[in-house]
Each structure stands twice: as structure tokens, then as C-alpha cells.
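Asker: Sequence:
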Amino acid sequence: MKIVSNKKEAFQELRRISNRTNLENNTKINLIVEEILQDVKTNGDIAVEKYTKKFDGFNPKPMQIKANDLKDAWNRIDSNLKCALQVAHKRIKKFHEKEIPSSFSIKGEHGDTVQRIWRPVKNAGIYIPGGRAAYPSTVLMNAIPAKVAGVEEIIMVSPGNREGRVDETVLAAAYLSGINKVFRIGGAQAIGALAFGTKQIDKVDVISGPGNIYVTTAKKLIYGSTGIDSLAGPSEILIIADETAKSTHIASDLLAQAEHDPLASSILLTTSQEQAKEVLKDVYKKIDDHPRKEICMESIKNWGLIAICENHESCIELSNNFAPEHLEILAFDPKKILDGIENAGAIFLGKWTPEAVGDYLAGPNHTLPTSGNSRFSGSLGVETFMKNTSIIEFNEESLKVNSLDIINLAKSEGLHSHANSVQIRFKD
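Basically the numbering used here = 1-based index in the sequence shown + 54.
Quick caveat, the hints were computed from the structure, so don't treat them as lab data. Don't take each hint at face value.
As the list claims (entries may be wrong) - Subject to a maximum C-alpha distance of 20 Å in a straight line, what follows is the list of computed SDA-like cross-link-like pairs (lysine to any residue):
#, residue 1, residue 2
1, Lys107, Glu206
2, Lys201, Pro418
3, Lys441, Gly278
4, Lys257, Ile100
5, Lys335, Ile57
6, Lys335, Ile349
7, Lys405, Leu415
8, Lys300, Gly278
9, Lys62, Asn80
10, Lys120, Gly278
11, Lys161, Lys339
12, Lys56, Lys339
13, Lys201, Asn177
14, Lys148, Gly204
15, Lys95, Leu85
16, Lys253, Lys161
17, Lys144, Gly204
18, Lys152, Pro174
To be verified - Here are the computed distance ranges between Cβ atoms for each label pair:
#, residue 1, residue 2, range
19, His470, Phe109, 22 to 28 Å
20, Ala187, Gly468, 55 to 61 Å
21, Lys300, Glu151, 35 to 41 Å
22, Ala187, Ser475, 57 to 63 Å
23, Asn462, Gln118, 21 to 27 Å
24, Leu85, His470, 32 to 38 Å
25, Ile83, Glu396, 31 to 37 Å
26, Leu85, Glu328, 29 to 35 Å
27, Phe430, Lys161, 53 to 59 Å
28, Ile100, Arg346, 33 to 39 Å
29, Asn462, Ile100, 55 to 61 Å
30, Asn122, Glu151, 26 to 32 Å
31, Gln118, Glu367, 52 to 58 Å
Positions of the beta carbon are idealized from the N, C-alpha and C atoms, including for glycine.
Model the full structure from these sequences, guided by the hints.
Answerer: In C-alpha cells, the structure reads:
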């Protein structure tokens, strides 16, 4: 884990970290994914089965998990875990119900009416990663806003293990969320199946959920024919800390990101040289007997950073420039620092709010913009699964009053028939 104390060097390191999975430069991966998607588009379930055998090592027949198996998974899980999922579900639902956008209507003085109405998409696909870990929390975070939006059908895909089994807690979370169509497939082939449809899997309007670089590339390539939530990269956390923050807390929170993935990034901005040294020592001490030691070591070694800043203003500047997915402010007065923050996917204030709170049950969604994208986008939410339509109704008087302005604007653009379409209505 690198320590830097020069502002210019800190900017350079943060830029390097932000660009660690630049999709534009992965020509080889693009070609592989394009081939998979085209095969799935042409050959449907046959192609999906072929790539599942090749990449995941099992025959996915039957692809769909029975609804009774979801219920059985719910019944089998530990009662404490069941309770935790229910608490999380309740809090996440309550938060997202506040996100439902309002339709509105405006009546003009001459009788014209303009409206915007919101409707849910008909169906949605959610991708739940497998591989290094199981993510029942991601089931809740994707399914609940879709349900709150009013989506009729949610199709969930998640890769099975070598025996073809999807994690039981993931299936239990699907049952709790009201999902009854779950397919044990993953990778680019699963994205293709959702985007194009197969005999077994309906084509969906929107796909959400994180995945590896092949999944993300597939989402990028099918966007336009199917909606997506975002192009999420590996997880990242940036912590701004002052001398009141405990080094053991900081080290634990940094490792909470590092344990996700070898490409995950953990960053500390501090004004204390002594704190920087203590945190570094605590990080390696905690890694020593960590059950995911290899993943943590690779993440910390390649994408970990501690930057010693002159003051809090420098910390804020570096943070805004990096635009982190997760931002923790561990300071005596975190709200004072918060006032200067412009770019962050989710912000966690004070020592009693570790980022894990947001990952599981605080309420706001944990599907967040990465790789600097919080400069222009936010978290997954109800609107991800909705669309808006404008409705415009003029009468004779309102068109007549506005006709000259419409005609002048149309003529300024050289569009004769636009102007004539208004003029002709008053010549009959």
C-alpha cells in the first residue's frame, strides 16, 4: 500500500486507480463478448448452455430454478439470517418508496395542457454475481426498487457453482423479494439472454446488477436495444480522516473494500503522518490472518493508497476529483467536511457509520457509480425501472396564440413543413 505526501503525486495515483478497468482499451475482451452475444442472439438457449459449460463447468439443464426451490431455500436458512434479510428488506423498501417520481400536469392560460406521466417498464432482468462470494444483499438492492416501481415481471440470473448450485441465501433473498423466475446462468451469455430473449428467457426492457468485466462489457454492448442501470467497475472506498479517527477503524473499513476483489480500491486521505503509519501497520496486521488474504493483498498492493494532505481542504479537493463510489468521513465534525463534497456515490458520516451499514440495510441503494462516474450519475433507484412520457394537448386558441413563435422558430431552422403544419390549420 503506497503512502504519498505530495499533492501532485496523489492526483496521479488517484487517476491511475480510477482508470484501472478502462473498458475502451479492452479490445480482446470486447471481441470475445461480441462473439458470445451474437451466438446467443442467433442460437438462444443452445448458446447459453454451451458457454455455461465452457466457463462455469456445469450443464445448466434445466436452467430455471423451480419456484418451490426458492421457497425451500427460505425455509432452510438460519432464523437469525432470515430476520436480518427481513429487516434489510423493510428498510430498503421504505427508502425506495420515497423515490417514486410524481406525474404532473400544467394547464396554460389559453386552455393548452402539458403533462409528464411515469410508468414502470414491463419487465426487468437483474444480474446477481457469484464466483468469489454470494450476494443476497444485491438481490434486495436490485429487486426492491423494481418492485416498488411496479415492474410486472423480474427475471433473475445468477451463475451456479461447479455443481450448478446457486447460493441458498441468494435464492432465499429472491423468494423474500417476490421473484419467481430465477435462472442459474451468468457471464456475458446471461446478459445476452436477457437482452435478446430465448425460448426459456423473456427479453427484458432493463438489465441491472453488477458483474465482472465480461458482464459489464456485455451490458455496454447491448445498451441501446435494452436499458441498463450503469457500467459498474470494481468497488472502491475513499476515507477522509482526521486525528480523532481510530487507526483500527480505518484499517478495517479499508479492508472491507479490499476483500471484495483484487481490483477493489481502498484509499485514505489524512492530515496526520502518524495516523498514516499506524493505519498501514494495522492494515497488514489484519491481513495476516484474513480468510481472504490473497484477494486483500493483491487489492491493497496494487490499488491501495494513503495520501497525507496539508489540510482538510486538500482532502476535499482530492476526493472531489476522484469522485469515489463510497466516501467515509471519519472526523470530529464530519458535516463540516461534507459541506465541501460535490462528487460521491454514497457518503458515510462519523465513526458509527461504517460503509457496511450501507451495503446491507441502511436503505439507500448500494449499486453506485464507480470509476469517477459519481461526477454525473447516482445510485440505482426506482427511476431505473421507469420511463416518462410527455402528453401535449393544444386547442385552437392556444395554437393560434403561439403559432407565430412556432413558425419563426421552424423557419430559423430551415424546416418549411414544420412551419406549414401550423399555418395550414388556419387556412382551411
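Asker: Run every hint past the structure and note whether it holds.
Answerer: Do the hints match the structure? See the list:
no.: 1; hint: Lys107 x Glu206; verdict: violated, 31 Å
no.: 2; hint: Lys201 x Pro418; verdict: holds, 15 Å
no.: 3; hint: Lys441 x Gly278; verdict: holds, 14 Å
no.: 4; hint: Lys257 x Ile100; verdict: holds, 16 Å
no.: 5; hint: Lys335 x Ile57; verdict: holds, 12 Å
no.: 6; hint: Lys335 x Ile349; verdict: holds, 18 Å
no.: 7; hint: Lys405 x Leu415; verdict: holds, 17 Å
no.: 8; hint: Lys300 x Gly278; verdict: violated, 47 Å
no.: 9; hint: Lys62 x Asn80; verdict: violated, 28 Å
no.: 10; hint: Lys120 x Gly278; verdict: violated, 32 Å
no.: 11; hint: Lys161 x Lys339; verdict: violated, 66 Å
no.: 12; hint: Lys56 x Lys339; verdict: holds, 16 Å
no.: 13; hint: Lys201 x Asn177; verdict: holds, 10 Å
no.: 14; hint: Lys148 x Gly204; verdict: holds, 15 Å
no.: 15; hint: Lys95 x Leu85; verdict: holds, 15 Å
no.: 16; hint: Lys253 x Lys161; verdict: violated, 47 Å
no.: 17; hint: Lys144 x Gly204; verdict: holds, 17 Å
no.: 18; hint: Lys152 x Pro174; verdict: holds, 16 Å
no.: 19; hint: His470 x Phe109: 22 to 28 Å; verdict: violated, 57 Å
no.: 20; hint: Ala187 x Gly468: 55 to 61 Å; verdict: holds, 58 Å
no.: 21; hint: Lys300 x Glu151: 35 to 41 Å; verdict: holds, 36 Å
no.: 22; hint: Ala187 x Ser475: 57 to 63 Å; verdict: holds, 59 Å
no.: 23; hint: Asn462 x Gln118: 21 to 27 Å; verdict: violated, 59 Å
no.: 24; hint: Leu85 x His470: 32 to 38 Å; verdict: violated, 46 Å
no.: 25; hint: Ile83 x Glu396: 31 to 37 Å; verdict: holds, 32 Å
no.: 26; hint: Leu85 x Glu328: 29 to 35 Å; verdict: violated, 50 Å
no.: 27; hint: Phe430 x Lys161: 53 to 59 Å; verdict: violated, 34 Å
no.: 28; hint: Ile100 x Arg346: 33 to 39 Å; verdict: holds, 37 Å
no.: 29; hint: Asn462 x Ile100: 55 to 61 Å; verdict: holds, 59 Å
no.: 30; hint: Asn122 x Glu151: 26 to 32 Å; verdict: holds, 30 Å
no.: 31; hint: Gln118 x Glu367: 52 to 58 Å; verdict: holds, 55 Å
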